[in-house]
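Hints in hand, dock the two standalone chains.
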Amino acid sequence: MPAMAADARATPTARMSAAFTPERLGAPTTVSFAFRVHDGGGPPAPLAGIQLSYPRGLGLATSGLGVAACTQSELEVSGPAACPPNSHMGTGSALVELRIGPTLVHETVTLTLLAGPSPDGYLHLLVYALGELPVYAAVVLTAVLLPEHLSIVVPPIPSLPEAPYVSLAQMHLTVGGHLTYYETVNGRQVPYHPAGIGVPNSCPHAGFPFAAHFSFLDGARASARTAVACPRHR
Amino acid sequence: MGHPRTRLARRVRTQYVALLGVVGLGALTTVAFGAPASADSSAPRARAARVLDVHDEGKLHYIRSSGEQIIDEGHATGSFPGWVKVRFLYNGEPNVDARFTIYGSRGSISARGTARLSSPTSPSPSFHGSMTITGGSGRYAHIHGRGELYGVYYRRSYALTVQAIGKLPY
Numbered sequence: 001m002p003a004m005a006a007d008a009r010a011t012p013t014a015r016m017s018a019a020f021t022p023e024r025l026g027a028p029t030t031v032s033f034a035f036r037v038h039d040g041g042g043p044p045a046p047l048a049g050i051q052l053s054y055p056r057g058l059g060l061a062t063s064g065l066g067v068a069a070c071t072q073s074e075l076e077v078s079g080p081a082a083c084p085p086n087s088h089m090g091t092g093s094a095l096v097e098l099r100i101g102p103t104l105v106h107e108t109v110t111l112t113l114l115a116g117p118s119p120d121g122y123l124h125l126l127v128y129a130l131g132e133l134p135v136y137a138a139v140v141l142t143a144v145l146l147p148e149h150l151s152i153v154v155p156p157i158p159s160l161p162e163a164p165y166v167s168l169a170q171m172h173l174t175v176g177g178h179l180t181y182y183e184t185v186n187g188r189q190v191p192y193h194p195a196g197i198g199v200p201n202s203c204p205h206a207g208f209p210f211a212a213h214f215s216f217l218d219g220a221r222a223s224a225r226t227a228v229a230c231p232r233h234r
Numbered sequence: 001m002g003h004p005r006t007r008l009a010r011r012v013r014t015q016y017v018a019l020l021g022v023v024g025l026g027a028l029t030t031v032a033f034g035a036p037a038s039a040d041s042s043a044p045r046a047r048a049a050r051v052l053d054v055h056d057e058g059k060l061h062y063i064r065s066s067g068e069q070i071i072d073e074g075h076a077t078g079s080f081p082g083w084v085k086v087r088f089l090y091n092g093e094p095n096v097d098a099r100f101t102i103y104g105s106r107g108s109i110s111a112r113g114t115a116r117l118s119s120p121t122s123p124s125p126s127f128h129g130s131m132t133i134t135g136g137s138g139r140y141a142h143i144h145g146r147g148e149l150y151g152v153y154y155r156r157s158y159a160l161t162v163q164a165i166g167k168l169p170y
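Note that the protein sequences, when read in sequence, are chains A and B.
In terms of the working numbering, the first sequence opens at residue 1 and continues consecutively.
In terms of the working numbering, the second sequence opens at residue 1 and continues consecutively.
Extracted from the complex, chain B is given alone in its bound form (with noise of 0.2 Å):
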């Protein structure tokens, strides 16, 4: 049985939980609580705040490069469409550095990448490993959070194929 205020939080938050559920992947605006609700007026209110399900592949061709580092610019698909910048940093670590930042139709986003090469002497060599937001501009200005970073780096042309996965709250 339980008390009656905490038989309404676990039905909102079965709500909140079956919500979620439904929603495919895509971005998508969701309300998360910062707390438990409450039916109390003096109990902290529920804070909206939006995630961004980020699911996004950017094929990149060869901008310029200076030494060790090469810019690739191209078209972002998926959940937040839009163009890519990149600044790939390779220097003879098996960890290559990307920093990017993609421009869609509502503000930018931008993220810093740390990937594991595989097989450096592959004529295409793939990369995993995790990203970091840095900042955002317009709509998604306060965007946050970290994501998994996927991509192939092209050692004959220099292109490279990115794809960034997380949910960013922002």
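The shape of chain A in the complex, shown without the other chains (with noise of 0.2 Å):
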């Protein structure tokens, strides 16, 4: 079973930045967070969960990004390949940090973004991560699309025997960009691309805010904010 680090922590300490490419007021767009957690020398302690909040009035839920869903089940079990076309709805990348004996390690995760079956009405969303070297790793995270904020719960990621859970150092997710749906069009299946997220018509004096809330398993928790610069109209 793995282990908490049991050593004392520094508080940890996040940035993050976000992006809309295109940068266009009332224009569809695609959404980017960054994340960077920090604690003092050493890895930070695992993350439970992450509390996204977004501007408001951007269209997420009305962006026709995920319009199929796909199950943790068949996610766990076969990997993003094995779900629906159209339940794709972005991708990133994250660093994880763990420790091997004395040494820390670090490794790259590829990250799938997909929409999940909704028990609620809510829109559901699941992370798929893997890592494959130095430790091979499937993991997926859950998240919940609310009004101006998207909550992720993060598992604690094992890593190897009686070593500490993973450590999440850096994330980067992309909400939308290049996919490929299908619709059925007289009996045919016609590939499309979904046209994104809006961006709404008027932008705040101060840009277009984001924040980020870590919670870490440890009970430690940090906040990092950043906006969008104003974007021209379209």
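Do not take every clue at face value.
To be verified - A short, non-exhaustive set of chain B residues, derived as facing chain A with CB atoms under 8 Å:
1. S65
2. S66
3. G67
4. E68
5. I70
6. N91
7. E93
8. R116
9. S119
10. S122
11. R155
Simulated from the structure, these hints should not be mistaken for laboratory data.
No residue lacks a Cβ here, since even glycine has one placed at the ideal position from N, Cα and C.
Listed below in structure tokens is the structure:
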């Protein structure tokens, strides 16, 4: 059973950035988030959850992304390739840290964002995280889209026997992007690219605000904020 | 047996119920009574009121959007035909918000609806809820009341199919 690191830790700190691609008011866009978590010199405590706040009015729910659902069980068994193409919503990467003996090892993880089944009327998302070297691990993070924020639950990620849980040091996630969906037209499956996330027509004075609140398994918390500068009208 | 005035009131009410019974769906104008009718001239007088029996469906196409708000327009067919403009808001809550106005030949009717979206990961989730009249113009300047709202939201095209049902005094 993996053990929590017992050493005294400094208070974790976090930084984040966000971007729209393209940057145009009133136009569909791709939204990217990036986080970096620090904890003094060592790896931060394992994450338990992320509350990601996004700007009021941003059209995540109306984006047309995720028009099919992938179940967590099929994702865990067969990976994202087994999920319907129309359930794919984005991609990303993460840098995790794990201690193997006295050595701190970094591992790059690929992320796939998918729509999950909705038991309660809210849009549920699944993040499939796959790391292969030096430790193979495939983990599914669950998330739910709520008004103006995305709540992500991060399960404890084991590494090696008797080693601490894996710590997340960096994460980059893009919602939207170059996705290919399929629709039935006259009995045939026709590919199309979903438009993306609608940017509001007006921009707050200080730009579109984003924030992330991190909670760690050891009870620590950290927050970060950023804003996307006001883009021009399309 | 009973008092003659009571019998008259019963007969008037029975005729009124019979009148409603023979009127089918569609826009109708009927006479409702603010108080039981009476042969006594000092009793409250009958008050004329009209009821619009709305049973309309609109197939609406995307006009523009701003973030989580979509604006659609299109023809409404049914008992109150005309042109419909809808502001549809879906922010991730299971309930969607729709503010719409139907422009008919004799005036317009505006309403606000709240409806619960089923299966949000479907390409075309349906919704069902209630609507409340928020105003009107022309012949329907004093319209009020509540009704039911049904619809389908097409996530690929941002189109809407909306059905509004209600008996609305005006």
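Restraint satisfaction for B:S66 [CB to CB of chain A, less than 8 Å]:
With Cβ-Cβ at 4 Å, under 8 Å, it holds.
Taking the least C-beta to C-beta distance, is B:I70 closer than 8 Å to chain A?
holds, 6 Å
Using the nearest Cβ pair, does B:S122 come within less than 8 Å of chain A?
holds, 7 Å
Can we keep the B:E93 interface hint, with Cβ of chain A closer than 8 Å?
holds, 6 Å
Under the criterion of a CB-CB separation shorter than 8 Å, is B:S65 in contact with chain A as hinted?
Check passed: Cβ of B:S65 comes within 5 Å of chain A, closer than 8 Å.
Interface hint check: B:R116, Cβ to nearest Cβ on chain A, cutoff 8 Å. Holds or violated?
holds, 6 Å
Does B:G67 meet its interface restraint, that is, does its C-beta lie within less than 8 Å of any C-beta in chain A?
holds, 4 Å
Min Cβ distance, B:N91 to chain A: is it shorter than 8 Å?
OK, holds: B:N91 within 8 Å of chain A, min 5 Å.
When the least beta-carbon distance from B:S119 to chain A is tested against 8 Å, hint result
Status holds, d = 6 Å.
Against chain A, is B:E68 within 8 Å by beta-carbon distance?
Check passed: Cβ of B:E68 comes within 5 Å of chain A, closer than 8 Å.
At a threshold of 8 Å, is the proposed contact between B:R155 and chain A supported by beta-carbon distances?
holds, 5 Å
Of the numbered hints stated above, none is contradicted by the structure.
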